[in-house]
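Student: Put together the whole structure using the sequences plus the hints.
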Amino acid sequence: MEYLLLIIQALVMILAAPLLAGYIRKLKNDLRMRKGAGVLQNYRNLSKLLKKDRMRSTQCSWIFNAAPYLVFSVMAFACALVPAVPGMLRSVGIGDFLLLAFLFAFARFFTALAGLDAGSAFGGMGSSREMFISSFAEPALILAVFAAGLSAGTMDFATAGALGMPSLSVILAASAVFLVALAESGRIPIDNHETHLELTMIHEAMVLEYSGSHLALIEWSSGVKQILLLSFLAWIIPPYAGVAGGGADEFAVAVAVYVTKLLALGALVALTEVSMAKMRLLRASDFLGFAFSLAAFALVAFSLGW
Amino acid sequence: MSYSLVHDPLSIFFLIVIAVVSIPSLVHAVGYLKGHGRAEKNRVFWALCAIFVASMAAVVSSGNLLFFLFAWEAMSLASYLLVVFDHEDEGALRAGTVYAIMTHAGTACIIAAFMILYNHAGTMEISQLKSACASMPDSSKNLVFVLLLAGFGAKAGIVPLHVWLPLAHPQAPSPVSSMMSGVMVKTAIYGFLRFNVQILGSGPAWWGGLVLVLASVSCLIGVIYALMEHDLKRLLAYSSVENIGIILLGIGAGMVFEGMGLPALAVLAMTAGLFHLANHAVFKGLLFLCAGNIYKATGLRNIEELGGLAKRMPWTAGAFLAGAMAISAIPPFNGFVSEWLTFQAFFLGAMNATDGAVILFGLLAAVLAFTGGLAAYTFVKAYGITFLAAPRGKAAASAKESPLSMTIPVISMAVLAGAMGLGSSWLIPIIKNCASCATGIDASGIQLAFNNFSLALPETAGPAISVPFLTLAIAGILLVVLLCARLFTPNTKTRPCITWNCGYYHNDSRNEYTATAFSKPFRLVFGFLLLPFRKKEKEWATRYNVRSFKYEVHTTPIFDKYLYDPLLNLTLVMARYTRRMQTGSIHIYIAYIALAIIVLLIAAGVR
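Protein chains in written order, with numbering that gives the first Met the number 0: chain A, 0 to 305; chain B, 0 to 606.
Hints are computed from structural coordinates only; laboratory data are not their basis. Since the model is a prediction, treat every value here as computed from it, not as a measurement. Yeah, the Cβ is synthetic: ideal placement off N, Cα and C, and Gly gets one too. Incorrect hints may appear among the rest.
[Said to hold, decoys possible] Residues from chain A that face chain B, not an exhaustive set, calculated with beta carbons under 8 Å:
| hint | residue |
| --- | --- |
| 1 | Arg53 |
| 2 | Met54 |
| 3 | Asp95 |
| 4 | Leu98 |
| 5 | Phe105 |
| 6 | Gly118 |
| 7 | Met124 |
| 8 | Gly148 |
| 9 | Asp155 |
| 10 | Val299 |
[To be verified] Label-pair ranges, simulated between beta-carbon atoms:
| hint | chain 1 | residue 1 | chain 2 | residue 2 | range |
| --- | --- | --- | --- | --- | --- |
| 11 | A | Leu303 | B | Leu209 | 25 to 33 Å |
| 12 | A | Glu1 | B | Pro8 | 34 to 42 Å |
| 13 | A | Arg282 | B | Leu209 | 29 to 37 Å |
| 14 | B | Leu209 | A | Ser274 | 42 to 50 Å |
| 15 | A | Leu3 | B | Cys483 | 14 to 22 Å |
| 16 | B | Thr353 | A | Leu270 | 35 to 43 Å |
| 17 | B | Cys483 | A | Arg33 | 33 to 41 Å |
| 18 | B | Ile557 | A | Leu303 | 31 to 39 Å |
| 19 | A | Ala263 | B | Phe487 | 31 to 39 Å |
| 20 | A | His195 | B | Tyr561 | 44 to 52 Å |
| 21 | A | Ala263 | B | Thr491 | 36 to 44 Å |
| 22 | A | His195 | B | Thr493 | 19 to 27 Å |
| 23 | B | Glu551 | A | His195 | 29 to 37 Å |
Tutor: Shown next as structure tokens:
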């Protein structure tokens with residue numbers, strides 16, 4: 000029964016991922032006083048891409064073809080890990096916060112290899128920058144996950160209780176995860192989704208050679224990654240609404256709280272993107288170092304009992 | 000001297016690791032040596048390999064201190080001769096010299112420590128040492144601990160005693176490198192576990208702390224230098240330094256937990272460390288053998304001149320990809336499981352610890368995460384530049400797949416790495432026994448595997464992670480995605496084209512990214528540690544036209560420059576100073592003899 004719930008949750012998250020990305024883009028456009036495309040534009044983009052042919056460079060190996068499918072499958076699996084409603088997946092022992100970080104590493108590994116595969120300078124540059132940034136983002140993420148897990152009592156999604164009262168430790172850990180989420184989903188100040196200029200591309204550079212259904216899968220996967228990170232953040236930050244018993248109205252309230260948190264976090268991301276400029280690449284390590292120190296402070300706060 | 004052997008789980012575990020890595024390496028050597036030199040020299044190679052493997056097996060199963068030393072020295076000498084096997088290469092002799100000096104300095108520390116142990120215990124039998132050492136005074140125990148740490152650390156490659164590793168491992172022939180990196184450094188960890196952990200038992204808290212500090216530094220320094228390398232085998236050698244750091248993180252955490260009175264966590268941490276040891280032996284051996292395949296096919300170790308080998312050497316490429324994924328801790332390979340267990344050990348330690356220790360374990364987890372991220376960076380670079388895109392030279396363009404004797408070992412080790420990951424829940428209870436043997440903690444009540452398919456953590460109910468399940472789930476989803484992609488994209492084809500190059504269609508390998516450029520962002524950010532410097536050479540055709548431009552980027556080897564060179568200079572200065580005693584005049588020498596006799600007579604008379 001829980002497995003069915005898992006599959007339903009995963010499907011809903013996957014299908015909602017373009018919608019969340021569209022919502023963030025619409026909000027950014029509104030803030031910039033522009034009309035912009037609607038929230039459903041991403042779905043139209045995906046269906047347009049599915050109708051196109053796939054171009055494949057003669058220099059590529061099998062990794063170029065395989066990467067979009069592998070990355071999408073791994074992200075789809077990860078959607079079954081993060082519970083939208085805390086307490087929903089109580090007895091299923093698939094994995095924990097750490098497995099999520101490792102699955103992101105899997106997706107990143109193959110995307111970076113695909114970037115190098117086409118043999119263009121853009122792809123190599125994108126791969127190099129992406130791996131550089133992720134090597135700083137991972138310690139910040141894992142330390143923040145540690146701090147959050149310490150407050151929750153365990154790192155396992157299925158058995159962690161709701162976090163209870165928000166403590167300084169949890170708030171600091173959540174801020175660190177937010178900064179890392181900005182870096183990992185390729186948002187300003189680390190990367191810019193909307194551009195294809197050499198100086199400003201990281202994720203877009205790696206996938207520059209993809210077209211057709213391959214590109215659709217890759218774009219969809221990055222949307223799924225974003226919704227996963229924001230769901231994880233929604234899991235940490237207050238107010239906490241979980242299902243302790245099995246009541247349907249409790250469940251409905253929990254889902255409503257989750258969706259509200261997701262929309263609020265999306266708004267925060269949009270606000271961050273329009274208020275800052277993209278950082279120089281070599282400053283990204285400072286940015287993520289700041290996230291790391293926030294996570295370290297979260298740990299100190301936990302050890303002091305705050 | 001007695002030739003007694005030890006038969007406990009720890010020894011047998013290491014014997015299995017030795018066998019699992021040596022057998023494929025020696026099969027690989029059959030193909031590697033064809034056309035590699037004169038037939039008479041290759042016969043010597045086999046004799047040396049036999050001595051090498053036999054001495055390693057003797058080291059991990061010897062039951063007598065003297066036998067241990069004998070086997071240790073035989074192992075060091077055999078590996079020295081194998082390192083300088085290709086002695087026509089001038090780097091080999093220097094590498095061999097550095098290796099010989101460092102390993103003998105380490106052996107000297109070990110001999111000193113053994114002498115102290117024998118002096119106190121009165122026996123050379125390892126099985127009797129534990130009870131005899133229980134009553135050793137603390138100062139002797141501390142001294143023995145530090146000496147053994149230095150001695151075994153020199154062989155294992157702990158920073159700052161690691162300088163021989165990146166010199167010796169690349170110079171040796173690839174099968175030997177795989178055995179040295181896969182197994183020989185593990186025998187040092189065996190020595191550490193046997194003597195420091197089992198025999199000396201639990202000691203003051205600073206023992207575990209010192210191991211953790213050295214392990215963290217080794218992790219970081221190893222992977223940072225690995226990232227900067229573009230010689231494939233040096234990259235793998237530095238990566239071995241990093242993984243020895245990860246193994247010691249697990250073992251050090253186990254020692255700290257034992258001191259804190261948390262036996263379940265101590266067993267968990269030790270199991271994680273031992274499992275990573277086995278995993279590293281398998282995937283590092285695999286990677287070195289693949290490097291051997293590449294060297295035989297192209298004659299090159301420099302990845303800047305390789306490329307496009309995935310199409311020309313598909314089996315080697317597949318095996319290297321498996322090794323790269325395993326070493327970057329990508330599920331479902333074995334590296335992922337051991338790193339996950341190490342993280343869990345740190346997390347549970349932080350949960351059960353008080354104030355300062357919480358932050359310590361958090362920082363250790365951050366160190367491990369940073370190392371893992373950089374390792375992934377390194378191996379994306381190593382695999383991507385070597386195997387993907389187009390060849391960067393004629394040698395790479397004309398590469399052909401290696402013969403069966405060289406491909407079968409790498410494929411089987413790649414399959415083994417995957418099997419160790421999938422079957423980890425079956426292997427972990429076995430390794431738990433070895434860990435309990437090493438620490439002396441009874442592990443029968445500690446459950447680390449929920450059933451044959453999932454792992455559990457001590458003191459938690461239910462399974463924690465199931466690698467077979469997640470592999471099957473991802474494979475199932477992959478099939479569904481492929482099916483849907485076929486269904487939802489009718490009438491589309493995959494068309495071949497040329498890589499987009501901003502409209503310029505003269506596409507050659509010069510457009511591709513280079514390995515040095517790939518690691519440049521990191522080199523700039525960590526410039527304070529790596530101290531990169533450039534060498535530029537411009538050749539002018541006329542006053543305004545450049546004919547050629549040569550550009551080299553180097554990182555400063557800080558350990559060589561700031562630690563070892565001053566020590567060597569000091570030794571040479573002192574030697575030059577004392578050489579003044581040797582004047583060459585025989586009258587002075589007779590005067591020395593007379594003086595020595597007078598001093599001895601006075602000394603004897605005073606007594």
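Student: I'd like to know which numbered hints this structure contradicts. Please list them from smallest to largest.
Tutor: The structure breaks none of the hints.
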